[in-house]
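Student: The lines below spell out each chain.
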Amino acid sequence: MDTVIDIKNVSMRFNMPREKIDNMKEFFIKFLKRQLDYEEFVALSDISLEVKRGEVVGIVGLNGSGKSTLLKIISGILSPSEGSCEVKGTISPLIELGAGFDFELTTRENIFLNGSVLGFERAFIKEKYDEILDFAELRAFENVAIKNFSSGMIARLGFAIATLVKPDILIVDEILAVGDYLFQQKCEQRIADMMSGGTTVLIVSHAIEQIQRLCTRVVWLEGGRVRMIGDTLEVCNKYLAPNE
Amino acid sequence: MLAIFVGVLCATEAFTAPVFGKTNFVFGFGFTFILLYCGLEIFFDRRSFVKDIASMKRYKYLLYDLVTKDLKTKYRRSALGVLWSVLNPLLMMLVLTAVFSQIIRVDVPGGFALFYLTGYIMFNFVSEASNFALYTITSAAPLIKKVFIPKFVFPLEKCIFSFVNMLFSLIAFVFVFSFFAITGKVTPSVTMLMFPLPMLYLFVFCFGLCLVLATLVVFFRDIGHIWGILLTVWMYASPIIYPVDLLPDWLRMLMNFNPLYHYIDYFRCVMVYGTVPSLRENILCILFSLSMLLFGIVVFRKKQDSFVLHI
Chain P
1 MDTVIDIKNV SMRFNMPREK IDNMKEFFIK FLKRQLDYEE FVALSDISLE VKRGEVVGIV
61 GLNGSGKSTL LKIISGILSP SEGSCEVKGT ISPLIELGAG FDFELTTREN IFLNGSVLGF
121 ERAFIKEKYD EILDFAELRA FENVAIKNFS SGMIARLGFA IATLVKPDIL IVDEILAVGD
181 YLFQQKCEQR IADMMSGGTT VLIVSHAIEQ IQRLCTRVVW LEGGRVRMIG DTLEVCNKYL
241 APNE
Chain S
1001 MLAIFVGVLC ATEAFTAPVF GKTNFVFGFG FTFILLYCGL EIFFDRRSFV KDIASMKRYK
1061 YLLYDLVTKD LKTKYRRSAL GVLWSVLNPL LMMLVLTAVF SQIIRVDVPG GFALFYLTGY
1121 IMFNFVSEAS NFALYTITSA APLIKKVFIP KFVFPLEKCI FSFVNMLFSL IAFVFVFSFF
1181 AITGKVTPSV TMLMFPLPML YLFVFCFGLC LVLATLVVFF RDIGHIWGIL LTVWMYASPI
1241 IYPVDLLPDW LRMLMNFNPL YHYIDYFRCV MVYGTVPSLR ENILCILFSL SMLLFGIVVF
1301 RKKQDSFVLH I
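In order, the protein sequences belong to chains P and S. Residue numbering for the first sequence follows the working numbering, starting at 1 and increasing by one per position. Residue numbering for the second sequence follows the working numbering, starting at 1001 and increasing by one per position.
If you're looking for bench data, these hints aren't it; they were derived computationally from the structure. Worth double-checking, as some hints may not be accurate.
[Said to hold, decoys possible] For lysine to any residue, the following SDA-like pairs were computed, each having C-alpha atoms within a straight-line distance of at most 20 Å:
#, chain 1, residue 1, chain 2, residue 2
1, P, Lys52, P, Gly198
2, S, Lys1145, P, Glu142
3, S, Lys1051, P, Ser79
4, P, Lys126, P, Arg108
5, P, Lys88, S, Ala1054
6, S, Lys1146, P, Phe112
7, P, Lys128, P, Ser150
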């Protein structure tokens, strides 16, 4: 099996300026006085991870342990301060559903807009238009501005568009928490379909039960470092164990 | 390394001297320096550069969507809609013509109206596109933080949007020109068919400029405030409301270094005076455009990875 995601010694640091400097005068004065000091915030340090084709990898960890930062680096939104991250193939990042939705526009217009944000061809979206509406169960709201939608409806629409094509890599970041159990089942079914078709999946979730059900391998992050990588059951048990 | 650099500079200077004339050796040095520097930068980073170009194809629908969305929202709820893109330059021209041909008399061949309109159309494109482009990256923050999109899409979109607006204002030009042609003040000529050329030159130049501005604003919001003033300075420093002939010699010499002067002059030559600019003018325009574009690309690409940390 070949490696599709190859993360080598990735570190991510954010400069947190003590005061916000965004004008030139202050910048130059501070620069000349050598007062440009930053507090460094290390979100990830020295992470290495290899994911093979077809694997389903869960990422667990407490809030602020760097899970989302890692996913953002993999999907290309952030570039790491150190190390390298190589990804082979197309990625569907379900990091935040409906990024690029314009809340003033209708469902119909948003499907096309979001489709082009994700880099789909227009003709392709047209062809799949009905499928999207049906999957999101929003046929009755085709011409309603989505500002009137509930968060569950928006998530459904976003999921339906983002999972249109079978990507090589699917990244899922806690989005399955929204939506009722029926829709969650539908989402899981779709993810399962993709998995059987050879898609590599990365899942971040706080629902350990879900991770246990889906994943073949689990990464446990703590404070920006890898605490444990390994078999799903083993890692989950350790993670959930009260005080180790 | 430095020696090679200076060597190449001198060699190109000797080579370009016949084209630009000995007096304008600054051009030779300037262009060579910028093109060489940017060329090397891109060359050393060619793998990700090629990747960026490839992604352009994938996101052409996004570009198209954003431009149409902008066009739709620009004239939403106005009774005359897109007609304003034609009316605006017309009305501006009327006001300025009233002032400059009746109150302050400026004599230009072909009449002040056409003279001004051609300059205005060109300058307005640069001013509009750059003003929009200033905040493209900062206002696209919600998108940039959530999904991966090649970031140059945003300034490019604004340039295309302003370019479309410029095409609309060409309609105003056609009206005014036909009016003067009927009254016999000007005669239409075949050179008018060359109009896309100066527009293309200007577009490339303007896109480079927009890339630089969009990058700067991410790190220094001040640029947004000063740019309006700089634009006004640039407008008066360009021959839009006055012909270059009015200037003293030393100012005319300086004018050569204003890229807008060359574009506007080019546009006027083919549109109003029916003359074809010389090869030297063409080369100059191309070099200005190319230098600005490459410079913009290099600046933008150097900084685009850290945008997300500053917005």
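Student: Look at each hint and say if it fits the structure.
Tutor: Status of each hint after checking the structure:
Distance check on the hinted pair: Lys52/P and Gly198/P sit about 10 Å apart at the alpha-carbon level, within 20 Å; holds. Using a Cα cut-off of 20 Å, the hinted pair Lys1145/S and Glu142/P is violated, with the two alpha carbons roughly 28 Å apart. Among the hinted pairs, Lys1051/S with Ser79/P is consistent with the structure: their alpha-carbon atoms are about 15 Å apart, no more than 20 Å. For the given pair, Lys126/P sits about 10 Å from Arg108/P by alpha-carbon distance, which is consistent with the 20 Å threshold.
Between Lys88/P and Ala1054/S, the direct Cα distance comes to roughly 16 Å. Compliance with the 20 Å bound is thereby established for this hinted pair. With a C-alpha separation of about 18 Å, the suggested pairing of Lys1146/S with Phe112/P holds against the 20 Å cut-off. Restraint check: the Cα-Cα separation between Lys128/P and Ser150/P comes to about 23 Å, which exceeds 20 Å; the hinted pair is violated.
Checked against the numbered hints above, the structure breaks hints 2 and 7 and satisfies the rest.
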